[in-house]
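Trainee: One line per chain: the protein sequences are A and B, in this order.
Heads up: the first sequence begins at 1 in our numbering, then just goes up one per residue.
Heads up: the second sequence begins at 1 in our numbering, then just goes up one per residue.
Quick caveat, the hints were computed from the structure, so don't treat them as lab data.
Being a predicted model, the structure only gives us computed values, none of them experimental.
Mixed in with the good hints there might be a few duds.
Over 12 Å on every C-beta distance to chain B, these chain A residues come out as not near it, computed from the model [stated by the list, open to error]: (1) 31; (2) 118; (3) 134; (4) 138; (5) 184; (6) 186.
Partner residues are not named here, just some residues of chain B that face chain A (Cβ under 7 Å, in silico) [said to hold, decoys possible]: (7) 117; (8) 216; (9) 231; (10) 247; (11) 280; (12) 286; (13) 290.
Not the full set, but computed from the structure, chain B residues with beta-carbon under 7 Å of chain A [as the list claims (entries may be wrong)]: (14) 128; (15) 131; (16) 297; (17) 300.
Positions of the beta carbon are idealized from the N, C-alpha and C atoms, including for glycine.
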Amino acid sequence: MSIDYALVQAINTLFYASILFLIASGLSLIYGIMRILNLAHGSFYMLGAYISYTAAMLWIGPTPAGFVAGFVLSLAFLAAVGALTERILIRPLYSKPSELQLLLTFALMIALDDVVKMIWGPEYKSFTKLPWGYMSIGHYSVPIYMLVVIASSTIIGLLLWWFFAKTTIGKQMRAAAYNPEIAAALGMNTDLLFVSAFALGSALSGFAGAMASPILTAYPGMGTDAIVLSFAVIVIGGMGSILGSVVGALIAAIARTVMVIVYPLLEVALIYIVMIIVLLVKPTGLFGKEIVERR
Amino acid sequence: MQRRIRVSTWIIDLYSVIGVIALLSVLPLFISSYYTRLVAVGILYGIAATGFNILFGYTGLLSFGHAMFWGLGGYIIAIGLIKLGLSFPLSVLLSLTILVLVALGAGYISLRHTEIYFAMLTLALSQLAYAIMLKWRSLTGGDEGLYGIPRPLGTITHYYYLILLVSLITLIVVWLVLRSPIGLAFQTIRDNPGRAETIGYNVRRLRLLSFLISGIVTGIAGIMYVPLEGAITPEALYWTFSAEIVFMALLGGTRAFLGPFIGGIVYVFIRDYAMDITEYWLFVMGVILAILVYILPDGVVGTIYARIARLQRLKR
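Isolated chain A, as found in the complex (with noise of 0.2 Å):
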């Protein structure tokens, strides 16, 4: 195996790495704030994907301000569906059973397949051009376009850690969700923080969508493959914790690229183990701390 051969299959895994934490973190999020497992995250990120596809070949074409255009379209429609998806949809729920939260978000799932096939149409929509050109590692060539992504998505990373470390809404965020009556009685706006927290982790799955489909193409039932992996990451990383979706996303990324070049049998598979050998020797994940369940 050359070194020219393992940077480029380096940069595959960081690219596939990117995507994966981008879709993981916002999960992460949501479930660390409000305790909800949003089953559509997934289909979230299929609509990221179409955004990016309608803004960078339908309308504006296949140039860096198609794809730019498509990127932040992605990101402040889904921070729209986030927010009204919460605010409507899910917060009459909160005085109810948690599984009622995981059904509506299970069938919010499966209609969203739907309405990407309705606008788009069932067949896979690939970008046939990729922006910034290519560059040559020895005789591969590698889509700048892949460091782009790799690049965001390390900003996006350390700007959440920023967000949640320094900024007050992300300090109130994080107090939301330890105790929401406390926060409540100190003050905060608990219904205003969880509808943000929504939003913010809604449009990271989109941004991801948006990122992910040039190279993986736009298709209806990619949400449901998406959240099942994104499951594994944040299981593995501990769930609610931004440093943890970075390394789950690294681990599952990584053990797809081996097994891809090793043993192409245990590609799908390989993830799920580590998933489980992780919650049975540490379930917090490796990075998480102790989620406390609220009733």
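Assemble the complex: chain A is given as a structure, and chain B must be docked to it using the hints.
Mentor: Just chain B, lined up with the frame of chain A:
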């Protein structure tokens, strides 16, 4: 208060089982073979959801991987029938044996935790089973699955009655187990695991027993389903089907014995209706299911039971 109502509904539960099965047994005389097949699917979904509910409604553990039992039961009987050339009873026996082993293994692993971690472990285990069935091409046919699986007893109607008989026996056995001291211990564990431990129950072992029974019942439904359809694909083990099982159980009502069974039948008919009116049936189904979450949070049967209980209180 809720407990007292619950205990007094045991007999109602048994009568409802007998009534519903009696109703289902005359149904094929009045409906086409298309609908007979559909009802048969509904019954098997209902049994799968009933199995799930032993663990969820009666023992307080949310499994997010019950498709594993359904799918493995189905795959193994298919393999027995067409790959190994075994007879139908032998294939069923083989399938049941492996299901017991898998349920014990999966239960032993996932019951090291409860609540969300338990749900995640069952999800991971079932996805692992999915990945294995997807990739073990020589045995399972990979993503195309196995097809051309023969149906015992020839016609749909005959096989329908076999399914009904198996379902009746399964439901009654589950009913007997749940109202036996063991079943009551499950419910004690559901309501207060700490106290159950204190009064001397071996909580871990009882949970494993519940997991085993639950898995086998869902597995039996999967075993019976595959000859009905004549085919099985890896989708039978995919996590979305686990979620559908959860949905059926809650749709019918997890606090009523027959709730999940009725939930399975209702689910199949909602799906058939949605597929009938539009090619975008998933959308219609999503909307209907979402509405049901708001208007029937206790499920169909749960709501009926609550109504009856209220009427009885008014009479007194």
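Trainee: Are all beta-carbon distances from residue 138 (chain A) to chain B longer than 12 Å?
Mentor: Consistent with the label, residue 138 (chain A) stays out of reach of chain B, its closest Cβ about 32 Å off (over 12 Å).
Trainee: A cut-off of 12 Å on Cβ-Cβ distance, and residue 184 (chain A) was said to be off the interface with chain B. Does that hold?
Mentor: holds (24 Å)
Trainee: Examine each Cβ of chain B, and state whether all of them lie more than 12 Å from the Cβ of residue 186 (chain A).
Mentor: holds (27 Å)
Trainee: The hint names residue 117 (chain B) as touching chain A; please verify it with the least Cβ-Cβ distance against 7 Å.
Mentor: Holds - the Cβ of residue 117 (chain B) comes within 7 Å of chain A, reaching about 5 Å at its closest.
Trainee: Can residue 216 (chain B) be said to touch chain A, with a Cβ gap under 7 Å?
Mentor: violated (22 Å)
Trainee: Does the no-contact call for residue 134 (chain A) survive, Cβ to all of chain B over 12 Å?
Mentor: Consistent with the label, residue 134 (chain A) stays out of reach of chain B, its closest Cβ about 32 Å off (over 12 Å).
Trainee: A closest beta-carbon separation below 7 Å is what the hint needs, so does residue 286 (chain B) meet it against chain A?
Mentor: holds (3 Å)
Trainee: Measuring Cβ to Cβ, find out whether residue 118 (chain A) lies farther than 12 Å from everything in chain B.
Mentor: About 6 Å separates residue 118 (chain A) from the closest Cβ of chain B, which leaves it inside 12 Å; violated.
Trainee: Should the label of residue 31 (chain A) as a non-interface residue stand, given a Cβ cut-off of 12 Å to chain B?
Mentor: Violated: least Cβ distance 9 Å, not greater than 12 Å.
Trainee: Please check whether residue 247 (chain B) passes as an interface residue: C-beta within 7 Å of a C-beta belonging to chain A.
Mentor: holds (6 Å)
Trainee: Given residue 131 (chain B) as an interface hint, is its Cβ closer than 7 Å to any Cβ of chain A?
Mentor: holds (4 Å)
Trainee: Is the hint on residue 231 (chain B) kept, meaning its closest Cβ partner in chain A is under 7 Å away?
Mentor: Since the shortest Cβ distance to chain A is 20 Å, the answer is violated.
Of the numbered hints listed earlier, those contradicted by the structure are 1, 2, 8, 9 and 17.
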